[in-house]
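Visitor: Listed below, chain by chain, are the residues.
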Amino acid sequence: MTNNGSLTRYAPSVIGWIVLVSLPEWINAVGYTDLGSRVVILGLAAMALNFLLGHTGVLSFGHAAYFGLGAYGAGLTLRYLAPSTGLAILVGTGIGTFAAMLIGPLIIRLRGVYFAMVTIAFGQIFYFIAFRWNTVTGGDDGLTNWTRQPINLGFATIDLKDPVAFYYLTLVVFAVATAIMAKLLASPFGRSLLAIRENERRALFLGIPVNLRIWLSWTVSCGFVSIAGAMYALLNNFVDPRALHWSQSGTFVIMAVLGGMRSFWGPLIGSAIYVVLQDYLSSRTSNWMSLVGLVFVLVVLFFPRGVLGMLGRRSAT
Amino acid sequence: MTQLILFNLFNGLIVGAFYALMALGLSLIMNLTGVINFAHGGFLALGGYLAYTLIPYVGFWGALLVAPVLTAFLGLIVERFLIRRLYGHDPLYSLLLTFGLAFIIEDGTRYIWGAQAVPYEVPAALTTPLSSDYFFLTGYRLFMVALAAISVIALFVILKWTRLGMRIRAGTLDLETVSVLGVNTAILRNLNFGLGIYLAGLAGVLAAGQLGVEPTIGSSLIMPSFVSIIVGGLGSLPGTLLGGLTIGVASSLTSVFFPSATEAVMYVIMALVLLVRPRGLFGQEGRF
Chain A
-9 MTNNGSLTRY APSVIGWIVL VSLPEWINAV GYTDLGSRVV ILGLAAMALN FLLGHTGVLS
51 FGHAAYFGLG AYGAGLTLRY LAPSTGLAIL VGTGIGTFAA MLIGPLIIRL RGVYFAMVTI
111 AFGQIFYFIA FRWNTVTGGD DGLTNWTRQP INLGFATIDL KDPVAFYYLT LVVFAVATAI
171 MAKLLASPFG RSLLAIRENE RRALFLGIPV NLRIWLSWTV SCGFVSIAGA MYALLNNFVD
231 PRALHWSQSG TFVIMAVLGG MRSFWGPLIG SAIYVVLQDY LSSRTSNWMS LVGLVFVLVV
291 LFFPRGVLGM LGRRSAT
Chain B
4 MTQLILFNLF NGLIVGAFYA LMALGLSLIM NLTGVINFAH GGFLALGGYL AYTLIPYVGF
64 WGALLVAPVL TAFLGLIVER FLIRRLYGHD PLYSLLLTFG LAFIIEDGTR YIWGAQAVPY
124 EVPAALTTPL SSDYFFLTGY RLFMVALAAI SVIALFVILK WTRLGMRIRA GTLDLETVSV
184 LGVNTAILRN LNFGLGIYLA GLAGVLAAGQ LGVEPTIGSS LIMPSFVSII VGGLGSLPGT
244 LLGGLTIGVA SSLTSVFFPS ATEAVMYVIM ALVLLVRPRG LFGQEGRF
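Protein sequence lines, in the order shown, are assigned to chains A and B.
Oh and the first sequence: position 181 is 171 in this note's numbering, straight run, nothing missing.
Here this note's numbering = 1-based position in the second sequence + 3.
Take these hints with a grain of salt, some might be off.
Coverage of chain B stretches by chain A, computed from C-beta distances (three or more under 8 angstroms per stretch; other residues unrestricted) [what the hints assert, rightly or not]:
#	region
1	224 to 234
2	264 to 276
Beyond 12 angstroms from chain B on every Cβ pair, some chain A residues (computed) [what the hints assert, rightly or not]:
#	residue
3	Leu25
4	Pro95
5	Asn189
6	Val265
7	Arg274
8	Leu288
Derived from the structure by calculation, the hints contain no laboratory data.
Idealized CB from N, CA, C, for every residue including glycine.
When you get a sec, could you build the whole thing from the sequences and use the hints?
Guide: Okay, structure coming up:
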């Protein structure tokens, strides 16, 4: 019985990892490895958002700002500072996390729609900085003239020009990041976040410093989003202000909802569906924006619990 | 120099009046239903485009009357068939729904009217400068400010003294009690939504006369309206009005001295306000 239980418990993640690790093998048609990298990177971003949205119950609609800061941090490092991919990821993550830490105290006292609005609005500051600061960021045209560099491990050098090699780097970053998030959620700290989600007042009565915990959760969440942003910049060898725009935040939220907000892996599935769908639609029609909008509407009306939410309910009954 | 500053001050007032018109509609909807209407900018664009289509048939004045009403009617339909289903659910869902709607409207207007800004015929009586010293005081600009002011006053009169307005205000405080007292809250929320969208449509017609109208006009005006509401304090309509005017004037004056910070300045103001008053200038503890 217990054997059976642990089998059904671990089988999905094992299958999931097999799919992710073997992905370049079966998706190797030209260009599609990058699509896989995009699914994993945006999936990481959506999972990071979901750390706050689904597991702490705080509605943030401004995560693109920290995604974009991670992306610009990485791009600017490679362009101006040093030809090191590792340093680029570190700097991008550092900048995004630091900005989130600073903005946190201004917003953690707010809740619900108020929190959502303020996070959206704050995100736009960075958008306009990237947009206007032409000489450094390239403005509307984006930051170009840089490429991801080989990683030197001492005993071996990994050439990241190859999309498959980069995919595996992405997957390693993804694995480490999700492992840390899972560990955090399973810790007493993570449990206190769930308590805040379920009943904030009760959590407060239990002596949980709610605002401080939300600030921490916000910082952690934005930190992982900025890792995803840095990886996204490396994937494209390019960043432009749209990475920071509020419409990008909406994309992360819909991914989380589409896959299932209440589950850990849901946003990754949401990302896979969304990225593939968008790629397909934008290759077929120039009006893909309406269709993406329609996806938002349909998901909200008919699919609010997401893929994993639906499956979970079915297996529970 | 004084002329330049005066010009930008006046310009800021116009821009601020726009922000305020749009933000007041957003506020109205949010206060009663808790819905952040992301598609508000889309409705603004629709108002502008409808007026553009109507002008050859009914003239500018006719379009000014009809287009906002048509826009409001579209708003009533959207509320009735889409947004109404989401009341009482996590605000996340209405946010995502209107977000998707904003995409659909922006892309739809691009499909119907083209991606380029469409030109706009304003009556000649309104375009001549009124004074040679103060060249910026064209009739149209004064007219816009006046009309925005009249609309805002009319809105506050409606809210203060009409039965509908009293019910909206009461519903903002406690919708359940209003419902128990025999008011049909479904209709109340529907009309309130329409009223908010009417303001967006009106702002759209006015903005189109000044700037022309293009598909992205909505998404570029929605953020300043959010900032207006946050600065003024969620839940307070006078606050929203003040917030809109403040950031309009501030960003316009900044464009004289430090052009590259024109947009950023409103976010700086927002940060400062939140630092001192976490709920905005007129916001109160409670609902939000």
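Visitor: Any hints this thing doesn't respect? Which numbers, in order?
Guide: Numbers 4, 8, in rising order.
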